[in-house]
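Visitor: Below are the chains, spelled out letter by letter.
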Amino acid sequence: MIEINNLTKIYGNNTDKALELLRKGISNEEIKKRTKQVVGVRDASFTVKDGETFVIMGLSGSGKSTLLRCINRLIKASAGEIIIDGRDVLTMPAKELEELRKRKMSMVFQRFALLPHRTILDNVAYGLEIQGIDKEERLAKAQEVIELVGLKGWEDAYPQNLSGGMQQRVGIARALATDPDILLMDEPFSALDPLIRQDMQEELVDIQEKLRKTIIFITHDLDEALKIGDRIALMKDGQIVQIGSPEDILLSPATEYVARFVENVNRSLALTASSVMVRPRYVVHPKDGPRTALNFMEKHGLSTLFVLDRFGKLKGYIKAEDSSELTAQGVKDLAGIIQTDMPTTRPDSPLADLLDVMAYTKVPIAVIDDNNKLQGTLVRGSVIAGLAGGRGGDK
Amino acid sequence: MDSIPRIPLAEWTDALIAYLQSNFGTGTQAFADGLEGLIKGLQGLFIALPPEFIIIVIAIIAWWLAGKKIAIFSLLGLLFVYNLGLWMVTMETIAMVISAVLLCMLIGVPLGILGAKNETAHRIIMPILDFMQTLPAFVYLLPAIPFFGLGVVPGVITTIIFAMPPVIRLTDLGLKQVPEELIELGKSFGSTFWQMLIKIELPLARPTMLAGINQCIMLSLSMVVIASMIGAKGLGGIVWRAIQTLNMGKGFEAGVAIVIIAIILDRITQNLGKSR
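Protein sequences, first through last, are from chains X and H. Numbering follows the numbering used here, with no gaps: position 68 of the first sequence is 160. Numbering follows the numbering used here, with no gaps: position 206 of the second sequence is 210.
So that you can see chain X by itself, here it is in the shape it has in the complex (with noise of 0.2 angstroms):
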């Protein structure tokens, strides 16, 4: 757990008199014209669980990039407090942040930051170097992670000899080599064109999900926020202005200026359902049988999935839980397991009714026709990214 209380970053070189002004509550600007000194972040306040994707969201100059090396002190912050396993970074010795840098926490960077000098491997196995590792474990520890974000067969490489993309790959293999507990991600999509970004966005979650690191991410593209982030804090100024779920920040904004930010992105009263909705490509029909719909749902990794006669019309859905039990009983027929208790729309209701229902449904909502017959699904994913403007569903 990262605990950030009251952290205040001011650049200049007489902080004192800038600090006493900014905890009477004076504005920035008031500050930087009374005495000279700017001020990065200003009185931050959060906490990070583990294993949650914290994302710090906010324009250029907002103070996101400041803060976040305030974290690992590349940036030494000028008041507050930095508590990671009960001990206050802004404060430890030297030798302690070194030992803190080497093997608590990593860092990705914007403009992926390999050496040109080293291969592919080499530059993965940095960390490990550092720690003083020996040669044969470190190396073979670089290429399982190199495996891990998909660039086997480029170990040999050197940096320049990569996209734009697989660079910023080695730069995560880099950082989850040391294997930390915590990776500081400085906006590492941004330099990536937009499709690739999505890839990378959409593997970074899959990574996420089975290695469950505490990871804070900046970045200044709300998208990737409500994409990447389990709770977001969006950054003005130096100040954090609000900090939510992605529900939070999108349907209750805590600010104007959040409210403004939010405005493009808010287009839940103008989009139905129908826009957001994913192809019911994953489906089964009554006779398929148990072990059918348990391989098919293995296979696409899948919770659920919904059941359709033989004219389209839904049925309802089954559990993978309750498949595999009849499975295991030898039972043939599906009709004992289905359920019929899934939320339903149609597929011209607006996405602003529908946001409470996919909030707290835990199967996917069905976008069903007068006739019932089956038209889609809503799923987290693809609703949040119609919210944000993104892709819509893949119709």
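Honestly, the hints are just simulated from the structure, not real lab data. Keep in mind that the hints are not guaranteed to be accurate.
With a Cα cut of at most 30 angstroms, we get these calculated BS3-like pairs of lysine-lysine [stated by the list, open to error]: (1) K180(H) <-> K168(X); (2) K244(X) <-> K121(H); (3) K121(H) <-> K196(X); (4) K328(X) <-> K379(X).
Pairwise CB distance ranges, derived in the manner of DEER restraints [what the hints assert, rightly or not]: (5) E295(X) <-> G71(H): 42 to 52 angstroms; (6) P211(H) <-> D291(X): 26 to 36 angstroms; (7) I64(H) <-> H209(X): 19 to 29 angstroms; (8) R126(X) <-> A125(H): 51 to 61 angstroms; (9) A125(H) <-> G104(X): 51 to 61 angstroms; (10) E40(H) <-> K244(X): 53 to 63 angstroms; (11) G71(H) <-> D291(X): 56 to 66 angstroms; (12) E123(H) <-> S152(X): 27 to 37 angstroms; (13) K168(X) <-> E40(H): 50 to 60 angstroms; (14) H209(X) <-> G71(H): 38 to 48 angstroms; (15) K168(X) <-> P211(H): 51 to 61 angstroms; (16) Y103(X) <-> T138(H): 51 to 61 angstroms.
So, partial list: chain X residues that the calculated Cβ filter (under 7 angstroms) puts toward chain H [claimed, not checked]: (17) L166; (18) E190; (19) K194; (20) M199; (21) A205; (22) I222; (23) Y250; (24) P251; (25) K407.
Just so it is clear, CB atoms sit at the ideal spot from N, CA and C, and this is done for glycine as well.
Fit chain H to the known structure of chain X by using the hints.
Guide: For chain H alone, kept in the frame of chain X given last:
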């Protein structure tokens, strides 16, 4: 303006040199002896080895680092020098250049690192370098004599003074040009000062540093010629004697040999930075 008495800069300089000589004489003598050992050792080695062997080794090195053309040029150029009967003096000159460059690197690289890491050191070192580079070489050729006498050692020492600044400057510059993000990378993984230097900063500064060393070699070569005025011998000695006796033909021959050596050394060391 004439009412201000003349500032006795010349007298002060003489006094300072006399003071240094009487107080640090033994230290400088030890240094001079060490340096002389190095130069004489290298000269002895180069002269003892058969010329064919040296020519072939240099041609191979040139091929490896700078390509076929330079290799052929080296081969023909050195054979030409041998043919002119200037082989021995050329080896003397090369030994002096190598000694000077080694010492320039030994002293210059750490000073460059210091300058890059420490702003105060930077502010002290840079004006001294300006001074070293712009002060006419003859001016410090003279004080070298009372310290080290006439001969090859004062020649190489003045060469070191003259040729070291680019090593310091470009080491300093190369280290400062390392991108900020890579410095952050090093720190964020908990690298120590030395790990940063050896694993990140020096490798990235390498091309710039090698450009400095290339310049250092060129300056050394030009200076060892001038240093023949205080008895450094070598190719410069031939030139110096030719000037004194108005023997233009001999002087030109030695001059051409110097140019050949300069081109070979320059092309080879220029490509050191690019090779990988």
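Visitor: Now tell me, hint by hint, if it's right for this structure.
Guide: Status of each hint after checking the structure:
no.	hint	verdict
1	K180(H) <-> K168(X)	holds, 21 angstroms
2	K244(X) <-> K121(H)	violated, 39 angstroms
3	K121(H) <-> K196(X)	holds, 28 angstroms
4	K328(X) <-> K379(X)	violated, 57 angstroms
5	E295(X) <-> G71(H): 42 to 52 angstroms	holds, 44 angstroms
6	P211(H) <-> D291(X): 26 to 36 angstroms	holds, 35 angstroms
7	I64(H) <-> H209(X): 19 to 29 angstroms	holds, 26 angstroms
8	R126(X) <-> A125(H): 51 to 61 angstroms	violated, 36 angstroms
9	A125(H) <-> G104(X): 51 to 61 angstroms	violated, 25 angstroms
10	E40(H) <-> K244(X): 53 to 63 angstroms	holds, 59 angstroms
11	G71(H) <-> D291(X): 56 to 66 angstroms	violated, 43 angstroms
12	E123(H) <-> S152(X): 27 to 37 angstroms	holds, 29 angstroms
13	K168(X) <-> E40(H): 50 to 60 angstroms	holds, 52 angstroms
14	H209(X) <-> G71(H): 38 to 48 angstroms	violated, 22 angstroms
15	K168(X) <-> P211(H): 51 to 61 angstroms	violated, 33 angstroms
16	Y103(X) <-> T138(H): 51 to 61 angstroms	violated, 39 angstroms
17	L166	holds, 5 angstroms
18	E190	holds, 4 angstroms
19	K194	holds, 3 angstroms
20	M199	holds, 4 angstroms
21	A205	holds, 4 angstroms
22	I222	holds, 5 angstroms
23	Y250	violated, 9 angstroms
24	P251	violated, 11 angstroms
25	K407	violated, 55 angstroms
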